[in-house]
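Peer 1: Hey, can you work out the whole structure from these sequences and the hints?
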Amino acid sequence: MSKPTAEDVRWLTEAIELSRKCPPAEGAFSVGAIIVAADGTEIARGYSRETDLHVHAEESALAKVAPDDPRLDGATIYSTLEPCTERRSRPRTCTQLILASPIRRVVIAWTEPSLFVADCRGVELLTDDGREVVEVPELAAQAAAVNGHLPGIG
Numbered sequence: 001m002s003k004p005t006a007e008d009v010r011w012l013t014e015a016i017e018l019s020r021k022c023p024p025a026e027g028a029f030s031v032g033a034i035i036v037a038a039d040g041t042e043i044a045r046g047y048s049r050e051t052d053l054h055v056h057a058e059e060s061a062l063a064k065v066a067p068d069d070p071r072l073d074g075a076t077i078y079s080t081l082e083p084c085t086e087r088r089s090r091p092r093t094c095t096q097l098i099l100a101s102p103i104r105r106v107v108i109a110w111t112e113p114s115l116f117v118a119d120c121r122g123v124e125l126l127t128d129d130g131r132e133v134v135e136v137p138e139l140a141a142q143a144a145a146v147n148g149h150l151p152g153i154g
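Quick note: the sequence shown uses UniProt numbering, first residue 1, plus one each step.
Since the hints were derived computationally from the structure, they do not count as laboratory data.
Remember, it's a predicted structure, so these values are computed and weren't measured experimentally.
Where is the CB? At the ideal position from N, CA and C, for every residue including glycine.
There's no promise every hint is true.
[Stated by the list, open to error] Pairwise CB distance ranges, derived in the manner of DEER restraints:
id : residue 1 : residue 2 : range
1  : P151      : D73       : 39 to 49 Å
2  : A118      : D39       : 31 to 41 Å
3  : T111      : G148      : 13 to 23 Å
4  : E124      : P91       : 18 to 28 Å
5  : R90       : A145      : 18 to 28 Å
6  : E14       : P102      : 14 to 24 Å
7  : E138      : S114      : 14 to 24 Å
8  : G40       : F116      : 12 to 22 Å
9  : E26       : D68       : 35 to 45 Å
10 : G40       : E138      : 20 to 30 Å
11 : P151      : G130      : 18 to 28 Å
12 : T51       : K3        : 33 to 43 Å
13 : A100      : A37       : 11 to 21 Å
Peer 2: Next up, the structure:
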């Protein structure tokens with residue numbers, strides 16, 4: 001994995017603040033996601049349960065951008081949690097949604113703990129496809145703290 005830049009830390013910190021808008025849910029993480037173009041401008045943002053009880057942060061942010069938007073080529077998606085690889089509420093996971101996009105870079109604060117999914121493989125599937133994944137472990141505790149409503153988290 002690559003080392004995070006100062007811009008990565010700044011955008012991921014903003015995504016953590018965004019995750020605080022999530023209505024807490026017993027069976028779901030509170031996550032924030034921001035898509036940033038290669039030139040450093042924000043394209044879209046989203047958070048868990050923003051539009052309905054089942055929407056995930058990455059899904060919400062990606063839904064606000066046309067799939068063929070040229071700004072997505074070379075963009076980075078910042079997510080406070082590793083993109084999901086299993087879900088019951090939708091046909092496509094957040095990892096699949098990212099893989100279907102031209103986004104080549106994913107920056108996360110922490111990998112998904114095994115609270116709901118025994119073995120989330122988002123980082124593995126993204127890197128296997130040639131996407132760059134950057135983890136910012138110094139922000140993991142802040143991202144986890146937003147999820148203090150869940151047992152054993154925060």
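Peer 1: Against each hint, give a clear statement of whether it holds in the structure.
Peer 2: These are the hints, each one checked on the structure:
no.: 1; hint: P151 to D73: 39 to 49 Å; in the structure: holds (41 Å)
no.: 2; hint: A118 to D39: 31 to 41 Å; in the structure: holds (39 Å)
no.: 3; hint: T111 to G148: 13 to 23 Å; in the structure: holds (18 Å)
no.: 4; hint: E124 to P91: 18 to 28 Å; in the structure: holds (21 Å)
no.: 5; hint: R90 to A145: 18 to 28 Å; in the structure: holds (27 Å)
no.: 6; hint: E14 to P102: 14 to 24 Å; in the structure: holds (22 Å)
no.: 7; hint: E138 to S114: 14 to 24 Å; in the structure: holds (22 Å)
no.: 8; hint: G40 to F116: 12 to 22 Å; in the structure: violated (34 Å)
no.: 9; hint: E26 to D68: 35 to 45 Å; in the structure: holds (37 Å)
no.: 10; hint: G40 to E138: 20 to 30 Å; in the structure: holds (21 Å)
no.: 11; hint: P151 to G130: 18 to 28 Å; in the structure: violated (36 Å)
no.: 12; hint: T51 to K3: 33 to 43 Å; in the structure: holds (34 Å)
no.: 13; hint: A100 to A37: 11 to 21 Å; in the structure: holds (18 Å)
Hints 8, 11, counting from the list given before, are not met by this structure.
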